[in-house]
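**Q** So the chains spell out like this:
There are 2 protein chains.
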Amino acid sequence: MDGPYLAAVDIGGTKITVSIANISGILVKLYRPVQLEGDNLAVPAQVDFLVGHACEQIGIERDEITALGVSTCGPFGIRDGELVLVAPNLCGGLANERGIIPNDWTEIPLQRELSRIYNKIHIENDGISAVTAERMFGAGKGEDNVVYITWSTGIGSGAYVNGRLIRGKNGNAPHIGHIYLVDDGPRCGCGNFGDMEALASGVAIARDYKSRVTAVDMTSEDVTAEGVTGGSVTAEDVFNLFRKGDPEAKSVITNAARYFARGLVSINAILDTRVFIIGGSVFMNNRHILLPLVKEEFCKSFPALSKDVEFRPSALDSYLGDLAALCLVMPDDWGRQWQEKRPWEFAPESIVLSTNSTLK
Amino acid sequence: MDGPYLAAVDIGGTKITVSIANISGILVKLYRPVQLEGDNLAVPAQVDFLVGHACEQIGIERDEITALGVSTCGPFGIRDGELVLVAPNLCGGLANERGIIPNDWTEIPLQRELSRIYNKIHIENDGISAVTAERMFGAGKGEDNVVYITWSTGIGSGAYVNGRLIRGKNGNAPHIGHIYLVDDGPRCGCGNFGDMEALASGVAIARDYKSRVTAVDMTSEDVTAEGVTGGSVTAEDVFNLFRKGDPEAKSVITNAARYFARGLVSINAILDTRVFIIGGSVFMNNRHILLPLVKEEFCKSFPALSKDVEFRPSALDSYLGDLAALCLVMPDDWGRQWQEKRPWEFAPESIVLSTNSTLK
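Heads up: the sequence lines are chains S and U, in that order. With the working numbering applied, the first sequence corresponds to residues 1 to 360, in that order. With the working numbering applied, the second sequence corresponds to residues 1 to 360, in that order.
Because the hints were derived from the structure by calculation, they are not lab data. It cannot be assumed that every hint is accurate.
One copy or two, it doesn't matter: identical chains are merged, so the pair holds either way.
Stated by the list, open to error - Derived DSBU-like pairs (lysine-lysine); straight-line CA-CA distance at most 35 Å:
{"#": "1", "residue 1": "K120", "residue 2": "K300"}
{"#": "2", "residue 1": "K15", "residue 2": "K307"}
{"#": "3", "residue 1": "K244", "residue 2": "K307"}
{"#": "4", "residue 1": "K141", "residue 2": "K341"}
{"#": "5", "residue 1": "K15", "residue 2": "K300"}
{"#": "6", "residue 1": "K120", "residue 2": "K141"}
Excised from the complex, chain S in its bound form (with noise of 0.2 Å):
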């Protein structure tokens, strides 16, 4: 397998994937679950250690990666002219309830680092590289005026304006999970209450339902069945019951779609936009539940802003993380090639490693 050869890196919440590529398609992908134990270097090292094991896997060595492409969870900062991470869901001394995040982080010098070692990286927000990626191969071919959005867990996006991507001083454009979509409300990982990723995510659907059967009827059968019981329950289970009729998971449901909807209100007011492709978990396995509703509340919002807006379902959906980082370091022709034959399609099947496979 000749170079030469690109790494993909995705961080988020709960894992790392690296992935190899060359001109002829993805080579090896890896993942492990994160691990928030440590100092602070502790991410960008296991960063290295899974490019590391990548590049074993493949049979190359770690300085024939040409360049690295890095897709990772917010926000940003700058910190000495260089780019630091700011994500409550990384770092312990971020977050809002402290003690389930075991580290005192405040930040994460991931640029710093990285550099120290690759000598072309180039790092995004997740939502960024997800609009660069479904524009370049996906649901956003041609179009000018496109946001991307991820319903997941959490909830993200990435915009290009007239063409242009819209990345905000410190990178950080536009992080619509935390707009503003009540006055009060559930609180959000990030500390605002009342907005959107509070209101519609994975983690709010799966929390609201709970809350709701809680007061209801803690020892319902109909909710054990589905595995709510030992106070676990996932936006899944909560899908899973809206499609045997349960009314609460169904108003639950309505309600989530309803503030994304309001959300995207939002956004387009701001942005002006013409495409939305949405992607994320939440979404793509529950789009012909969520789509009718999500569009039904959209129209009823100022029609001068509101028509000629189109929805589209993520065309790359499971393989979004690695083109995502993939297509911030590509070059052009190696663009126009995969365009064609769309090699992200025959990748071979994912490695997963566990936590104790040791940092070198």
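Starting from the known structure of chain S, arrange chain U on it as the hints suggest.
**A** Same frame as chain S, but now just chain U:
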């Protein structure tokens, strides 16, 4: 007085203002209440009438005008590739309450009509043209991430992100007045319930105060002393009552400032800006009351996004309307000279025309 001459047109919900300038400064300025009777060509006809009248005042012919910069209330739509106004405060056919606006227009073909008369025109939403002027001549000089917001009868805005003006598909970005802030809430002129304009604009402040006083004590001496009788109360009346210690006025204004700040949190989450410039009569006349309230609420939100954001009052204030329209068509060398000499500060007094002045 030598040419070339530029005309600046500012179309608002209540009046149309026209100025003519050459490189030395603004030569004449006049305005007239906007007339909303007749067919949907009435507004472009009034613009042309006012330009003609302004030309007469300084003894030039209409065809000596090199270019026309038009700053107007929106939103905009596109019809046959040309910009049309789809503004509910001008078009009776779009207004929620029928009969208040004396026409049934659903759009105004502004670009088509004006380009029949003038060779070079540039039309922008008044928020977009205002941020352009503040960045060229005012409080936004040298800023790559800057949002201008007018806090007046209504609420509008314009934004640069990473040094570029954002316009969106129809030139409506960022229509901040129509982002949702609460679940239900009062109805906006646009038809939305609970958006920023319905909660924080000058109209909202007056309406909120009036509804509370009517409910509590319709014949209060304090209120009649401020001219609130007869069903009319203005936002300025409410601020005057605030200054006299009226607790109801204090509550109304504190609420409005809180919603305004929460709107800024949302636009900042989406654009990741560095500087907010705030203008408009509600803010500029009362900024010592409003700015501390806005900052206090803004800083309660997600610190990773809200820190390092600066608030500045408009530096152009009463000159902003002229400069906003002019800067759309101003040549670079002219702009540089104006940055140095600030000739707008020596503009002649406005000529006010009555609605009886004859259309040619």
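**Q** Look at each hint and say if it fits the structure.
**A** Verification of the hints:
{"no.": "1", "hint": "K120 <-> K300", "result": "neither (47 Å within a copy, 38 Å between copies)"}
{"no.": "2", "hint": "K15 <-> K307", "result": "between (39 Å within a copy, 28 Å between copies)"}
{"no.": "3", "hint": "K244 <-> K307", "result": "within (34 Å within a copy, 46 Å between copies)"}
{"no.": "4", "hint": "K141 <-> K341", "result": "within (15 Å within a copy, 47 Å between copies)"}
{"no.": "5", "hint": "K15 <-> K300", "result": "between (38 Å within a copy, 30 Å between copies)"}
{"no.": "6", "hint": "K120 <-> K141", "result": "both (27 Å within a copy, 33 Å between copies)"}
Checked against the numbered hints given earlier, the structure breaks only hint 1 and satisfies all the rest.
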